[in-house]
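These protein sequences, in sequence, are chains A and B. Okay, so the first sequence: first residue is 115 according to the numbering used here, each after it adds one. Okay, so the second sequence: first residue is 15 according to the numbering used here, each after it adds one.
Since the hints were derived computationally from the structure, they do not count as laboratory data.
Which residues of chain A face chain B? A partial, calculated answer using Cβ under 7 Å:
# : residue
1 : Leu155
2 : Phe158
3 : Phe166
4 : Ser169
5 : Leu206
6 : Gly210
7 : Arg216
8 : Leu217
9 : Leu229
If you anchor each label on the Cβ, the simulated ranges turn out as follows:
#  : chain 1 : residue 1 : chain 2 : residue 2 : range
10 : A       : Ile180    : B       : Pro47     : 48 to 54 Å
11 : A       : Ser205    : B       : Leu39     : 20 to 26 Å
12 : B       : Leu39     : A       : Gln193    : 35 to 41 Å
13 : A       : Leu133    : B       : Gly72     : 53 to 59 Å
14 : A       : Ser205    : B       : Trp65     : 33 to 39 Å
15 : A       : Ser205    : B       : Pro513    : 38 to 44 Å
16 : B       : Ala288    : A       : Ile179    : 43 to 49 Å
Beyond 10 Å from chain A on every Cβ pair, some chain B residues (computed):
#  : residue
17 : Arg76
18 : Val110
19 : Val114
20 : Phe434
21 : Gly445
22 : Phe453
23 : Asn454
24 : Pro455
For glycine and all other residues, C-beta sits at the position ideal for the given N, C-alpha and C.
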Amino acid sequence: MTDFLGVVTTRHAYALFVLLSAIGLYMMIANKNLVKKIIGLNMFQTGVFLFFVTSAYRIGGAAPIITEGAGPYVSPLPQVIVLTAIVVGISLTAVGLALTIRLYSEYGTLRADALREVIGDE
Amino acid sequence: MSDALLPLLIALPLLAAIFPLLFGLRFERVGWPVAMATSLSVAGLAAWLAWAVSPWSGGSRRFVHDLAGYPAPYGIELVGDGLSALLALLIAIVAVAVLVYARTTGPDSNAFYSGFLLLTGGLLGMALTGDLFNLFVFLEIVGLVSYALIASNDDPRAAYGALKYLFLGTAGASLYLIGVGYAFVATGTLNMRDMATELAALGYNDPLVQAAFGFILIGFMLKIAIFPLHTWQPDAYTYAPDTISAYISALVSTTAAYALIRIAYDVFTVDFFAANPLITDAVLLVASVSIVVGSLLALLQTDLKRVFAYSSVAQFGMILAAIGLQSETALFGAVIHLVGHGLMKATLFMGAGVLSSAYGARTVADYAGLAKRAPITSGMMAVTGLALVGIPPSVGTLGKWFIALGAVEEGSWGVAALIFISTLLTLTYIGRLLETLYFNPLADTDDAAVAGDATDAVDATDDSSFVADGGVDRVATERVVVVVVLALSTVALFAAADPLAAMLDPVFGRFFQ
Numbered sequence: 115m116t117d118f119l120g121v122v123t124t125r126h127a128y129a130l131f132v133l134l135s136a137i138g139l140y141m142m143i144a145n146k147n148l149v150k151k152i153i154g155l156n157m158f159q160t161g162v163f164l165f166f167v168t169s170a171y172r173i174g175g176a177a178p179i180i181t182e183g184a185g186p187y188v189s190p191l192p193q194v195i196v197l198t199a200i201v202v203g204i205s206l207t208a209v210g211l212a213l214t215i216r217l218y219s220e221y222g223t224l225r226a227d228a229l230r231e232v233i234g235d236e
Numbered sequence: 015m016s017d018a019l020l021p022l023l024i025a026l027p028l029l030a031a032i033f034p035l036l037f038g039l040r041f042e043r044v045g046w047p048v049a050m051a052t053s054l055s056v057a058g059l060a061a062w063l064a065w066a067v068s069p070w071s072g073g074s075r076r077f078v079h080d081l082a083g084y085p086a087p088y089g090i091e092l093v094g095d096g097l098s099a100l101l102a103l104l105i106a107i108v109a110v111a112v113l114v115y116a117r118t119t120g121p122d123s124n125a126f127y128s129g130f131l132l133l134t135g136g137l138l139g140m141a142l143t144g145d146l147f148n149l150f151v152f153l154e155i156v157g158l159v160s161y162a163l164i165a166s167n168d169d170p171r172a173a174y175g176a177l178k179y180l181f182l183g184t185a186g187a188s189l190y191l192i193g194v195g196y197a198f199v200a201t202g203t204l205n206m207r208d209m210a211t212e213l214a215a216l217g218y219n220d221p222l223v224q225a226a227f228g229f230i231l232i233g234f235m236l237k238i239a240i241f242p243l244h245t246w247q248p249d250a251y252t253y254a255p256d257t258i259s260a261y262i263s264a265l266v267s268t269t270a271a272y273a274l275i276r277i278a279y280d281v282f283t284v285d286f287f288a289a290n291p292l293i294t295d296a297v298l299l300v301a302s303v304s305i306v307v308g309s310l311l312a313l314l315q316t317d318l319k320r321v322f323a324y325s326s327v328a329q330f331g332m333i334l335a336a337i338g339l340q341s342e343t344a345l346f347g348a349v350i351h352l353v354g355h356g357l358m359k360a361t362l363f364m365g366a367g368v369l370s371s372a373y374g375a376r377t378v379a380d381y382a383g384l385a386k387r388a389p390i391t392s393g394m395m396a397v398t399g400l401a402l403v404g405i406p407p408s409v410g411t412l413g414k415w416f417i418a419l420g421a422v423e424e425g426s427w428g429v430a431a432l433i434f435i436s437t438l439l440t441l442t443y444i445g446r447l448l449e450t451l452y453f454n455p456l457a458d459t460d461d462a463a464v465a466g467d468a469t470d471a472v473d474a475t476d477d478s479s480f481v482a483d484g485g486v487d488r489v490a491t492e493r494v495v496v497v498v499v500l501a502l503s504t505v506a507l508f509a510a511a512d513p514l515a516a517m518l519d520p521v522f523g524r525f526f527q
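The following block holds chain A by itself, in its conformation from the complex (with noise of 0.2 Å):
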């Protein structure tokens, strides 16, 4: 017990990435709307985001600007990872979106369930 709440103190950012990764994945695969499930999927990589921003954070850490009598610095690389990483996952989002109007516009529902059912999926 005291291992889980050692966990949950000092690294809460770790346990928040798998909690937003977890719930994110689970919303993508159980829920029937297909913009929910969008959402989710929105949700899951965010956690992830947030897994690579906390793996570059220490404390007391300046920016990555090298001036004289600084640092220690945060590292840089996993922030350029996450920018590069949310602007795949914009287009992503937009592109499923897309697909969602296309559908929706075309057997006039959003529910996933009723979408197998028109279109005889297995």
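Given chain A, put chain B in place with the hints provided.
Just chain B now, kept in the frame of chain A:
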């Protein structure tokens, strides 16, 4: 000099992707010439790269390019060696073949050709990058463009297939990113070669390293479509336009499987598998299930494109099994099967596309007796189908033979037996197709007319114009020629085992030092 080829191979198609849309503002039908010119140049460059890293050029066997001049552990590295050059060559050749096929088939819009070039650039990027995060970016470029291209079919079910692929593909890429994040936290580097040394220093039993490999493996299994994570793949391949089915089925999973080989053996190395027998067994188990279930599901399908899609699940199961076997012979087989499967699936999907646009055939039953109407295409599908089964002489034989041989060498008789069983199952579903094509009587012409609504560009409903051997007349000749050339190449590659082994020798020497 040759190292400048690497960024050029990636940048050329990505930059050229702008032009079909840009020129499309002024001119119509500008997409095809732009895409063709670019793909031919890429094919030339890829051939040059393959020559440069081959043992016969006498030069260096491995080229490295630091992007923007930042040296390796800090900057992003592009790597051309025997393995990545082989993949780049496969991508370029299939791209040219698909474009020839697409000239009359379409999808005839400039946006399609922009997407096509982006996809080509992304695939080449995956093949050539030496950086784990850079690989994620290219993986997502490939994914995004694939979703868009699949949805470009008029059939609204294509949008459904694409959306399903988007959910699972993105989840796969994100899991891969988590794995890379873990490995990054453990080692502090993203460069593949650098990480390999760091991981070796850290020890392969570190839980963080194990978790990193687990996430990367699951992420790629989603992207490659290994059972039970394959569910996006049949819908995506079936509902996509024929041209895109051929391109995506030949290359997208193939490149992801290549990336998994690269990471498993170049970054985690064979020692990681040796140190973690549980992970190795899990890989072999999942692969074995995928081989059998994929073959069985293929047997149950009625739609021909679905048969081929599930067949891919089984074939990639074999490749994954070869990764888990830690045997040089099996991994050589996996690389051959990767290339061979790409060529064979491209041929089969294109052949199916030719017959379906000429006669509206979608299900296996629709193909009844079409061998009489389209003897050339049917014959080539028969050749490629038998190559997929593994009947010699064909590239399918080589791949399966070396994987099975590696399994026997490693004492994994189970895997060898499963490959044999899967071969029998493949023979069953290919045999059913051949029987329908050659020995079943022609379908009722009324049915053919009804089924004709799925065709494009060809007037298939006009039964009065029916002539014997009309298959070639009804579709543009070059589409048939592409199918013939690719089908014959799958046979000709049977003789390529020794040159391929010579080409891959330094890479495998490093993997299994």
